[in-house]
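*Asks:* These are the residues of each chain, in order.
2 protein chains.
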Amino acid sequence: MLSEDIPDIVVGRLPIYLRAVTQLANAGKEITSSRELGLYLGISSAQIRKDLSLFGGFGKQGTGYHVETLRRKLQQILHVDEQWPVAIVGAGDLGRALAHYRGFQARGFEVCAVFDSASHKIGQQIDGNERLTIYPMDMLPEVAQAKNIRVAMLAVPAEHAQHVASLIIEAGIRAILNYAPINLIVPEGVHVQYIDPVIELQHMTFYLGNQQP
Amino acid sequence: MLSEDIPDIVVGRLPIYLRAVTQLANAGKEITSSRELGLYLGISSAQIRKDLSLFGGFGKQGTGYHVETLRRKLQQILHVDEQWPVAIVGAGDLGRALAHYRGFQARGFEVCAVFDSASHKIGQQIDGNERLTIYPMDMLPEVAQAKNIRVAMLAVPAEHAQHVASLIIEAGIRAILNYAPINLIVPEGVHVQYIDPVIELQHMTFYLGNQQP
DNA sequence: TAGATTGTTAATCGATTAACAATC
DNA sequence: TAGATTGTTAATCGATTAACAATC
Chain A
490 MLSEDIPDIV
500 VGRLPIYLRA
510 VTQLANAGKE
520 ITSSRELGLY
530 LGISSAQIRK
540 DLSLFGGFGK
550 QGTGYHVETL
560 RRKLQQILHV
570 DEQWPVAIVG
580 AGDLGRALAH
590 YRGFQARGFE
600 VCAVFDSASH
610 KIGQQIDGNE
620 RLTIYPMDML
630 PEVAQAKNIR
640 VAMLAVPAEH
650 AQHVASLIIE
660 AGIRAILNYA
670 PINLIVPEGV
680 HVQYIDPVIE
690 LQHMTFYLGN
700 QQP
Chain B
490 MLSEDIPDIV
500 VGRLPIYLRA
510 VTQLANAGKE
520 ITSSRELGLY
530 LGISSAQIRK
540 DLSLFGGFGK
550 QGTGYHVETL
560 RRKLQQILHV
570 DEQWPVAIVG
580 AGDLGRALAH
590 YRGFQARGFE
600 VCAVFDSASH
610 KIGQQIDGNE
620 RLTIYPMDML
630 PEVAQAKNIR
640 VAMLAVPAEH
650 AQHVASLIIE
660 AGIRAILNYA
670 PINLIVPEGV
680 HVQYIDPVIE
690 LQHMTFYLGN
700 QQP
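Read top to bottom, the protein sequences are chains A and B.
In case it helps, our numbering puts the first sequence at residues 490 to 702.
In case it helps, our numbering puts the second sequence at residues 490 to 702.
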């Protein structure tokens, strides 16, 4: 089945399945079932079977899914069976925290360039790692091309985010993980995902309401 | 209309509306319309009108919505017309970056305690701000009660996240923003939202596929 | 008034669930 | 074999959209 035929809402669940299956693999489990996964994730077993079946039958009747096979299949589907070089744009607290984060490597991503516009930051090395030298913004197109970077994490202040996003797109990058708390306007074909903790906090305070603590 | 009657998918859009409307307000706009908001957010105008109408009619036929009124209404609905005291649990790179972040205040949240289990971090002050002294984990129940903290941001390594989440819940906190890349098992009535950048990156690489850069 | 936009209803669309034959 | 679980179909459920009367 072709990517275009997969509902986006299903695509959004696949990384969650992969994360769960990886956890099972690390825990030494060899076999799982849609029921077990569903209980664990709070998703119905029917939905998990239906989602996975869009990509072919990975399971075995009567038995379930072989954890390692399912993990590899999900990695292939999401194209994280190889590493993606990623750029961080913005070397403030958040950009640096992302650059320090050790959790990308095992899941298909490698931070291999950090950019900032502040001249006093240019040339600094993060963690003394020479692969993580801070580059000036105007080197983005060149470095992106040289390092085959197709994904960027945008971690600049909200007021600069739209402009910097345009620079990222001009550099040929078509996938942006936006940490700035604004909606980005981007051309067709550019993928944007948003991370804004306040959006998530407000989602919860709706339900917390004015109950007594 | 009662909170329980509002579909969760609608609740999830309300903070996005609030963010957009706040931007319009800051840009000095006084009136907007479902059409304008929809174009800006990539959502249909019908959906915006329907979502908002669940909470009463804030608009005016022929005119649209008064930006400031809509902003206040959304703040009330999400209960961010007053500040929520929030705890950060985990004072690593990410926890510290969150503690430094200046964007919570204006949107209804105030970080007023940071916790960690590492004894060498206890007592340190973040930014020399005495309100942000790092407390030991076992003071969580006491401090949460004293400061009326009902929301926590969980920023500890994945392998400790489930255990620490249980401590947070035992301290009486029922809303957790989980930055650890694992699914949390929590009792009924505890709200959890997840932030995991890799999930969002993998969502995008599904579409990027193996096209040529 | 004429033009515009809301709030709301009914129609459509799509996603989830239930159920079960197939089969390990 | 008996028990279990998949993959898939049909039924249900819920969300989105289209359309328009109301009205500013």
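Misleading hints may appear alongside valid ones.
For chains that are exact copies, the list does not tell them apart, and a pair is met inside one copy or across any two.
Here are the simulated SDA-like cross-link-like pairs (lysine to any residue), alpha carbons at most 20 Å apart as the crow flies [what the hints assert, rightly or not]:
| id | residue 1 | residue 2 |
| --- | --- | --- |
| 1 | K539 | A516 |
| 2 | K636 | H568 |
| 3 | K610 | H589 |
| 4 | K549 | D616 |
| 5 | K539 | S523 |
| 6 | K610 | D570 |
| 7 | K610 | F544 |
| 8 | K518 | I615 |
| 9 | K562 | L697 |
| 10 | K636 | A535 |
| 11 | K549 | T622 |
| 12 | K562 | Y683 |
| 13 | K610 | S522 |
| 14 | K539 | L673 |
| 15 | K518 | V681 |
| 16 | K518 | P625 |
| 17 | K610 | A586 |
| 18 | K610 | D627 |
| 19 | K549 | D497 |
| 20 | K636 | L697 |
| 21 | K562 | E648 |
| 22 | K549 | S492 |
Rather than coming from a laboratory, the hints here were simulated on the basis of the structure.
*Asks:* Run every hint past the structure and note whether it holds.
*Replies:* Here's how the hints hold up against the structure:
Taking the shortest alpha-carbon separations for K539 and A516, neither the intra-copy value of 25 Å nor the inter-copy value of 46 Å comes in at or below 20 Å. For the homomeric pair K636 and H568, the shortest alpha-carbon distance inside one copy (18 Å) is at most 20 Å, but the shortest distance between copies (46 Å) is not. Taking the shortest Cα distances, K610 and H589 sit within 20 Å of each other both inside one copy (16 Å) and across copies (19 Å). For a Cα distance limit of 20 Å, the shortest separation of K549 from D616 qualifies neither inside one copy, at 47 Å, nor across copies, at 56 Å.
Taking identical chains as interchangeable, the C-alpha atoms of K539 and S523 lie at most 20 Å apart only when both belong to the same chain, with a minimum of 10 Å there against 36 Å between chains. When the C-alpha separation of K610 and D570 is checked against a cutoff of 20 Å, the pair qualifies neither within a copy, at 34 Å, nor between copies, at 38 Å. For the homomeric pair K610 and F544, neither the shortest alpha-carbon distance inside one copy (46 Å) nor that between copies (48 Å) is at most 20 Å. Taking CA atoms no more than 20 Å apart as the test, K518 paired with I615 passes in neither setting, with 37 Å inside one copy and 41 Å between copies.
In this homomeric assembly, K562 and L697 come within 20 Å of each other (Cα to Cα) only across copies, at 17 Å, whereas the closest approach inside a single copy is 39 Å. Proximity of K636 and A535 under a CA criterion of 20 Å is satisfied in neither setting, with 42 Å inside one chain copy and 44 Å between copies. Taking CA atoms no more than 20 Å apart as the test, K549 paired with T622 passes in neither setting, with 49 Å inside one copy and 54 Å between copies. In this assembly of identical chains, the alpha carbons of K562 and Y683 never lie at most 20 Å apart, being 26 Å within a copy and 24 Å across copies at closest.
Taking the closest pair of Cα atoms, K610 and S522 never come within 20 Å of each other, the shortest separation being 50 Å inside a single copy and 42 Å across copies. Taking CA atoms no more than 20 Å apart as the test, K539 paired with L673 passes in neither setting, with 33 Å inside one copy and 24 Å between copies. Proximity of K518 to V681 under the C-alpha cut-off of 20 Å is found in neither arrangement, the shortest distances being 35 Å within a copy and 26 Å between copies. Taking the closest pair of Cα atoms, K518 and P625 never come within 20 Å of each other, the shortest separation being 46 Å inside a single copy and 35 Å across copies.
In the homo-oligomer, the alpha carbons of K610 and A586 lie at most 20 Å apart both inside one protomer (15 Å) and across protomers (18 Å), since each shortest distance falls under that limit. With identical chains, the CA atoms of K610 and D627 are at most 20 Å apart within one copy only, with a shortest distance of 14 Å there and 39 Å across copies. Taking CA atoms no more than 20 Å apart as the test, K549 paired with D497 passes in neither setting, with 26 Å inside one copy and 35 Å between copies. In the homo-oligomer, the alpha carbons of K636 and L697 lie at most 20 Å apart only across protomers (17 Å), although the nearest pairing inside one protomer, at 46 Å, exceeds that limit.
Taking the shortest alpha-carbon separations for K562 and E648, neither the intra-copy value of 41 Å nor the inter-copy value of 25 Å comes in at or below 20 Å. For the homomeric pair K549 and S492, neither the shortest alpha-carbon distance inside one copy (24 Å) nor that between copies (43 Å) is at most 20 Å.
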